[in-house]
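From first to last, the protein sequence lines are chains A and B.
This note's numbering puts the first residue of the first sequence at 1, with every later residue one more than the last.
This note's numbering puts the first residue of the second sequence at 252, with every later residue one more than the last.
The set of hints was computed from the structure by calculation and includes no laboratory data.
Hints may contain errors.
Covered stretches of chain A (chain B as the covering partner; in silico rule of three or more C-beta atoms under 8 Å from a C-beta of chain B) [unchecked claim]:
| id | region |
| --- | --- |
| 1 | 20-27 |
| 2 | 105-112 |
Residues on chain B that point at chain A, a partial pick, calculated with CB under 8 Å [stated by the list, open to error]:
| id | residue |
| --- | --- |
| 3 | Thr309 |
| 4 | Ala313 |
| 5 | Val340 |
| 6 | Arg637 |
| 7 | Gln643 |
Just so you know, even glycine gets a beta-carbon here, dropped at the ideal spot from N, CA and C.
Below, each chain spelled out in residue letters.
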Amino acid sequence: MLEIKNLHVKLEEEDKDILKGVDLSVEAGKVHAIMGPNGSGKSTLSYVLSGRDGYEVTDGSASLLGEDLLEMDPEDRAAAGLFLAFQYPVEIPGVGNMTFLRTALNAQRKARGEDEVSAGDFLKLVREKAKALNIDAEMLKRPVNVGFSGGEKKRNEILQMAVLEPKMCILDETDSGLDVDAMKLVSEGVNALRDAGRGFLVITHYQRLLDHIKPDVVHIMADGRIVKTGGPDLALEVEQNGYADILGEVA
Amino acid sequence: MALPQAKLDLTEARLAALSLPDGAGWANAARADAVARLRAMGLPTRRDEYWKFTSPETLTRADAPRAALFHGDETPLYAGIDRLKIVFVDGVFDADQSDDLSLEHVSIEHLADVTATDIHWARELYGQLEIAGQDPVDRPLATLNTAFARDGVVIRVTGKVEKPISLVYLNASESSDAILHHLVRVEAGGDVTVLENGPAAARFNKVMEISVADGAAFHHVRAQGRDHERRAVTHMFARLGRESTYKSFTLTANGVLTRNEHVIELTGDDAVAHVAGAAMGDGARAEFHHDDTVFITHDAERCESRQVFKKVLRNGAEGVFQGKILVKPGAQKTDGYQISQALMLDDESSFQGKPELEIYADDVVCSHGSTTGAIDETALYYLRSRGVPADQATDLLVLAFLAEAIDEIEDARLQDDIRTRLQEWLERRRQG
Ligand SMILES: Nc1ncnc2c1ncn2[C@@H]1O[C@H](COP(=O)(O)OP(=O)(O)OP(=O)(O)O)[C@@H](O)[C@H]1O
Ligand SMILES: [Mg+2]
Numbered sequence: 001m002l003e004i005k006n007l008h009v010k011l012e013e014e015d016k017d018i019l020k021g022v023d024l025s026v027e028a029g030k031v032h033a034i035m036g037p038n039g040s041g042k043s044t045l046s047y048v049l050s051g052r053d054g055y056e057v058t059d060g061s062a063s064l065l066g067e068d069l070l071e072m073d074p075e076d077r078a079a080a081g082l083f084l085a086f087q088y089p090v091e092i093p094g095v096g097n098m099t100f101l102r103t104a105l106n107a108q109r110k111a112r113g114e115d116e117v118s119a120g121d122f123l124k125l126v127r128e129k130a131k132a133l134n135i136d137a138e139m140l141k142r143p144v145n146v147g148f149s150g151g152e153k154k155r156n157e158i159l160q161m162a163v164l165e166p167k168m169c170i171l172d173e174t175d176s177g178l179d180v181d182a183m184k185l186v187s188e189g190v191n192a193l194r195d196a197g198r199g200f201l202v203i204t205h206y207q208r209l210l211d212h213i214k215p216d217v218v219h220i221m222a223d224g225r226i227v228k229t230g231g232p233d234l235a236l237e238v239e240q241n242g243y244a245d246i247l248g249e250v251a
Numbered sequence: 252m253a254l255p256q257a258k259l260d261l262t263e264a265r266l267a268a269l270s271l272p273d274g275a276g277w278a279n280a281a282r283a284d285a286v287a288r289l290r291a292m293g294l295p296t297r298r299d300e301y302w303k304f305t306s307p308e309t310l311t312r313a314d315a316p317r318a319a320l321f322h323g324d325e326t327p328l329y330a331g332i333d334r335l336k337i338v339f340v341d342g343v344f345d346a347d348q349s350d351d352l353s354l355e356h357v358s359i360e361h362l363a364d365v366t367a368t369d370i371h372w373a374r375e376l377y378g379q380l381e382i383a384g385q386d387p388v389d390r391p392l393a394t395l396n397t398a399f400a401r402d403g404v405v406i407r408v409t410g411k412v413e414k415p416i417s418l419v420y421l422n423a424s425e426s427s428d429a430i431l432h433h434l435v436r437v438e439a440g441g442d443v444t445v446l447e448n449g450p451a452a453a454r455f456n457k458v459m460e461i462s463v464a465d466g467a468a469f470h471h472v473r474a475q476g477r478d479h480e481r482r483a484v485t486h487m488f489a490r491l492g493r494e495s496t497y498k499s500f501t502l503t504a505n506g507v508l509t510r511n512e513h514v515i516e517l518t519g520d521d522a523v524a525h526v527a528g529a530a531m532g533d534g535a536r537a538e539f540h541h542d543d544t545v546f547i548t549h550d551a552e553r554c555e556s557r558q559v560f561k562k563v564l565r566n567g568a569e570g571v572f573q574g575k576i577l578v579k580p581g582a583q584k585t586d587g588y589q590i591s592q593a594l595m596l597d598d599e600s601s602f603q604g605k606p607e608l609e610i611y612a613d614d615v616v617c618s619h620g621s622t623t624g625a626i627d628e629t630a631l632y633y634l635r636s637r638g639v640p641a642d643q644a645t646d647l648l649v650l651a652f653l654a655e656a657i658d659e660i661e662d663a664r665l666q667d668d669i670r671t672r673l674q675e676w677l678e679r680r681r682q683g
């Protein structure tokens, strides 16, 4: 589903290489986790995949379901089925959460040649998904992420994911800032979306999240590369011993 | 002081192209006085400090530059709102297209009729607020209006008027040069909403003098629409009594040249004046230059004034804001607020802001700010990452930016109407 080959990325503004040859492929129906020390390039990978400005791909490729992602505008990547739950969701004063979500859903549907969702159906859909994530109606009325607590912002990301039903979901530290109960709700939200046609890439620092969202494959990223790949046990190893052993091993 | 020769020539050339309306009545004296005042001050030129950011050349020259007529197929603004419609075509009242002018708690007449009458309340108002508004800055185009306006509505409000009075300006000629002068007197306890919209004329000079008595309220919502090539200069002169309210909002899209002036005097304690404007300029199809010039004088205690002006500019559009709050000696507990912001969608557009405070009382709260900014790239990326195309995402951010000004409209239906219209304009633009 998601194929990343030898991806090299530098900052556009300065001569700084951040990704130094990332190879990764996520199959449909699977959950892959990425762990790795701060600053190793995990968020950069997610930004580059979703099309954020400021990065230059100097080598390699990334494709989603056979389509070259790197050539597409961010909105086309979304319509093609890519979704990134941000590590730091963005506040947009003046744009209502509902307006935003409905515009996004209908724009994606339009891009795919599907009919727009009516206001009534949309409302029903969002209410149902919001309820499952314990997001109250008051929050939906507010401007996008404005005045939301850290955990509310993360839940709002998952709500968007639940409504947009993307094919490839990238979650960047969605667990950070969540209390224990919220973590459970969010994980249930994610698990509800798991199916044979959908792939997940879950970036996290903690085993805790992976207790709820059970990964099939775990990768360790360090200094802009995937340095080790293994099964769920790899995450446990990191939890217990930190990165020193693994990094020492590969050095 | 003798005027510079160029100014003299300019003024005489303009005067030569105009003729005073004939007819008897008190207005003759007011008009003659205005002509004399105009000769003394001269028409504005770019050299005048007050016109530093806006060239008045096309507003002052003898003949109006042509403007292509705009034929929109959109639903007329305020269409769903029960209102009393008064239609002007090229600056001339059109009885056939207008509603019957009778409405409870208000009398509505024509300027042409009342000026011919010897005794009429309008006599005490006509030109008077315009004259008061000449100090400390000359506003010669308003004086020209007082001298030569042939038409306008004369409205006297004595209670709460149930539906808005809607002035609709249509144009039929590509070279129409319209001058309208409206008078509004809201008596104690009166409450009225005046709406304005429509293309008006190739060149439009409009003055509205508004006297708001103690405890009375005046609401104003105006849309200056999609007639790309128009040139307009408008003045709203208001004088507010004790505990009275004045609230005005203007939506502007397009227009080669628009200068909207508000001159408001708070003369009774506890009066409130809010003026707001949302302007969207795109220089691609025709030039766009929009100037909001506001002068608010606090001359009583505990009054509140609020100015909220937002402009979205692209493709070489030019925006100007000159806003002044003058707090006179003794106007204690004044609360003055002023914000002017421009959102620049590219590097070709420009914005000039000149916020000013002049305060002669010691116990006041006044704040002002003027900012220019680009679109928030992070927000744009976030929206796009959810599948919203770049141009549509930009529009969402544009609407969000203008929201603070639109929120100033008190009546929810009018607010909805204006917001919907704005969305339609943005959508049309996107679809080319
Ligand atoms: N726009 C930028 N300007 C400067 N440095 C940047 C920029 N973007 C990323 N970097 C640098 O690139 C490196 C990788 O950052 P990235 O955010 O991808 O790390 P991460 O693995 O997500 O870390 P964390 O676990 O702390 O979230 C860091 O050293 C970071 O400082
Ligand atoms: Mg990160």
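Status of the hints after comparison with the structure:
no., hint, in the structure
1, 20-27, "violated (count 0)"
2, 105-112, "holds (count 4)"
3, Thr309, "violated, 35 Å"
4, Ala313, "violated, 45 Å"
5, Val340, "violated, 38 Å"
6, Arg637, "holds, 4 Å"
7, Gln643, "holds, 6 Å"
In the structure shown, a violation is registered for the earlier hints numbered 1, 3, 4 and 5, in ascending order.
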